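A.B. asks: If you're matching them up, the sequences are chains A and B in order. Using the numbering used here, the first residue of the first sequence is number 28, and each one after it goes up by one. Using the numbering used here, the first residue of the second sequence is number 30, and each one after it goes up by one.
Derived by calculation from the structure, the hints in this document are not laboratory data. Take these hints with a grain of salt, some might be off.
[What the hints assert, rightly or not] Here are the simulated distance ranges between beta carbons:
| # | chain 1 | residue 1 | chain 2 | residue 2 | range |
| --- | --- | --- | --- | --- | --- |
| 1 | B | PRO130 | A | LYS528 | 24 to 32 Å |
| 2 | A | ALA585 | B | VAL73 | 48 to 56 Å |
| 3 | A | TRP386 | B | LYS129 | 50 to 58 Å |
| 4 | B | GLY127 | A | GLU309 | 55 to 63 Å |
| 5 | B | GLY131 | A | ALA585 | 20 to 28 Å |
| 6 | A | TYR108 | B | VAL73 | 28 to 36 Å |
| 7 | A | LYS466 | B | THR80 | 50 to 58 Å |
| 8 | A | LYS466 | B | PRO130 | 32 to 40 Å |
| 9 | A | ASP467 | B | GLY131 | 34 to 42 Å |
| 10 | A | GLY503 | B | LYS129 | 15 to 23 Å |
| 11 | A | GLY525 | B | GLY131 | 23 to 31 Å |
| 12 | B | LYS129 | A | THR227 | 41 to 49 Å |
| 13 | A | GLY434 | B | TYR83 | 44 to 52 Å |
Since the model is a prediction, treat every value here as computed from it, not as a measurement. Where a beta carbon is used, it is the ideal one built from N, C-alpha and C, also for glycine.
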Amino acid sequence: MHRLTSVEELEKVREKILKEKSTIKTCITICLGTGCHAYDSQTVYETLQNEIAAHNLEEEIELKPTGCHGFCEQGPIIVLYPGEICYCRVKPENVKDIIEMTVLENKIIEDLLYEDPVSGNKFEKESEIPFYKDQNRLILGKNSSINPQNINDYLAEGGYRSLAKVLTGMAPEQVIDKIKKANLRGRGGGGFPAGVKWETTRNAPEKKKYVIVNADEGDPGAYMDRSLLEGNPHLILEGLAIGAYAIGADEGFVYVRQEYPLALENLSTAIGQAEKLGLLGENILGTGFNFKVKIKRGAGAFVSGESSALVSAIEGKVGEPRPKHINTAVSGIYGKPSNLNNVETWANVPVIIEKGVDWYSGIGNENNKGTKIFSLVGKINNTGLVEVPMGTPLRKIIYELGGGIPGGKKFKAVQTGGPSGGCLPESHLDAPVDFDHLKDLGSMMGSGGMIVMDEDNCMVDVAKYFMHFLKDESCGKCVSCREGTKKMYEILEAITEGKGKEEDLLLLEEIAWVTTNASLCALGGTAANPVLSTLKYFRDEYEAHIKEKRCPAKVCKALITYVIDQEKCTGCGLCQTLCPEKAIEGEKEAPMTIDAQKCSRCGICLEACRFEAINVTS
Amino acid sequence: MKEKELDTIINKYGADPSEIMGMLLDIQEKEKYLPKKDLQHLSVKLGLPLTRIYQIATFYEALSLKPLGHNQIHVCTGTACHVRGAAGILNKLEERLGIKPGEVTSDLNFGLKTVNCVGACALGPVVVVNGEYHGEMTALKADRMLKRLMKN
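Produce the entire structure from the sequences given, and follow the hints as far as they go.
C.D. replies: Here it is in structure tokens:
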């Protein structure tokens, strides 16, 4: 395809692509996103290719590798169109049946359909599955119909139409006005109005300006940005180009973690294809607008996702935060005004332009418009990415979309907002999830991580886990953060080892106050949240560790013992063979015992025992 | 790395000092670590003080100044993996290999590392071995996997 020099040419190309696609009878999409890939969807994809070729169906069937559909729990996922038949956990050996029965004879293979773990009902169509049914997949939706390595798929879905509309029919100020009216708030966690930020950069005195995509998704337990970049990179590029036009920038950067190899690959392919078509680069669509995009790789430093740190990293310096007397929106890369937004924020932009402010404002609640993607993970039946209108209650997300807690266990807490967020108990499950409500409860929305914990999770251990993370990731610039996170970690560690003292809880609260108030950037400023929120809602667990030297969730190794139920043990000897410490004593065919001195509490015996004869006590 | 090879990497980024990160990652990918000699060469070619390069090389988790093991085992310790028991798996691997995260076995056969999140939370706990994702891990599975790797 040649370089497009006008909007008319773009539309002609789109028509041509749609015409070509109209002859295809069946389309089989298969998710090759990271989650499904780990379940070996690549082999399923290759087997499908071979099977289609073996039946000479290449002309009639379009086999489309796509990005993440979101329902990672059930991968590899394939969807057959028309009919939208969704098969889950597909294995290479199922492929022959899928082609011969479903494609050629229109028969559904019951065993491959999704079965709801709660009701036991089976669902044929992807959109009928409870996990998807109540979602509003404004941003993530196209992931399931687009091959991210093929720009034609994006164009077929109306791609780059918003950019064309903006470049030919709107003044930059009008674009900013629209984003402001739509009240698009930064999806990276800050919740700052994007339009206001854009305006600040546009009005900043320097002529040279930059736009940046923050794809340094560092919150553990969150992967929505990864899935967007992997599955629909053009959506982000289109949003970025619209932003660049509105702000008056001619250069943009996408800062991506190198831990996301597929995202890097798909993004650089997308940039190459868009440049070739003249949708990026010089004189875009013949309108005189120039905009080039470069990828910068990050290398695993959580703090580098902070705006001033990220700017330093792009300049080739160490990604440490700097004092923000002047915001990066005014003085960013090389001192030039630089507008930084998160992946999901940019992805919202083309949608707002296409559908309009009124339509967009109809989604969400009063101060939080549009949708938010959450990564619903941890102890939950339906693990995956969910996109819901802002303000959806936690309970709905966890119990209706997420299908509740597996194994009949009891819900204990949901952690939102990444390492600097907080843990909320059952009593707050009816809270609407948006920027403002979660903050009021002592947590935050963050970039959208939502980690569910059940009765088997120890909240002191969870607080210790986050403090370990934060002490490692603190860049060390501010004493309060460097020493505060370390000290809090040490105290928590002592508590989990049964060495806690009653005055420790007060000390934790004091250190938390100093760390919060005396640190430069948001990392230190919010670092105490995991400690404070668990102390607020789960103080009894702390007290059990300190006063009774007991871990109620039976997690903390120093406070638990493994014992063998003498009535259930058959003396099969499996645990004895597997125990790396040789801590299991006894003769075969008779109940065995565990030597608590030798036992390292690794849990291998518990995992291996087929008679549920191993118990943990505290 | 041969100087010629190194120069190819430098030129790929137009010898632009702001692209230092990309160059370091490329060297690391080829050599599996950052050899001192290569960093000295970079410093001369880019006109960057060696201390600046070392500052970056020691700041980022993914960069290493020491040779990495032949088999790279990365245990994801992201929150989703943690609540599903990643710590137990890590303990098991530490015990078996006799090394702590960030270290390499004396025969250079295994390197153990923790990563903050690999973004495959649905599969948690995840262990990434030589770039391959292994989901739904347990201490027992990790132990068996290690035995297989040791045999090869």
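A.B. asks: If a hint holds in the structure, say so; if it doesn't, say that too.
C.D. replies: We went through each hint and held it up to the structure:
Hint check: B/PRO130 to A/LYS528, Cβ distance near 29 Å, so the stated range 24 to 32 Å holds. Look at A/ALA585 against B/VAL73: about 53 Å separates their beta carbons, and that is inside 48 to 56 Å. Separated by about 54 Å at the C-beta atoms, A/TRP386 and B/LYS129 satisfy the suggested range of 50 to 58 Å. Distance hint for B/GLY127 and A/GLU309: a CB-CB separation of about 58 Å, consistent with the stated range 55 to 63 Å.
Taking the beta carbon of each, B/GLY131 and A/ALA585 are about 24 Å apart, inside 20 to 28 Å as hinted. A beta carbon spacing of about 58 Å between A/TYR108 and B/VAL73 contradicts the range 28 to 36 Å that was offered as a hint. A hinted range of 50 to 58 Å is violated for the C-beta pair A/LYS466 and B/THR80, which are about 41 Å apart. At roughly 34 Å, the beta carbons of A/LYS466 and B/PRO130 sit within the given window of 32 to 40 Å.
In this structure the hint that A/ASP467 and B/GLY131 lie 34 to 42 Å apart at CB holds, the actual value being about 40 Å. Under the hint 15 to 23 Å, the C-beta atoms of A/GLY503 and B/LYS129, about 21 Å apart, fit the expected range. Taking the beta carbon of each, A/GLY525 and B/GLY131 are about 28 Å apart, inside 23 to 31 Å as hinted. Restraint check, B/LYS129 to A/THR227: a C-beta distance of roughly 46 Å satisfies the suggested window 41 to 49 Å.
The hinted range of 44 to 52 Å is satisfied by A/GLY434 and B/TYR83, whose Cβ atoms lie roughly 49 Å apart.
In the structure shown, a violation is registered for the earlier hints numbered 6, 7, in ascending order.
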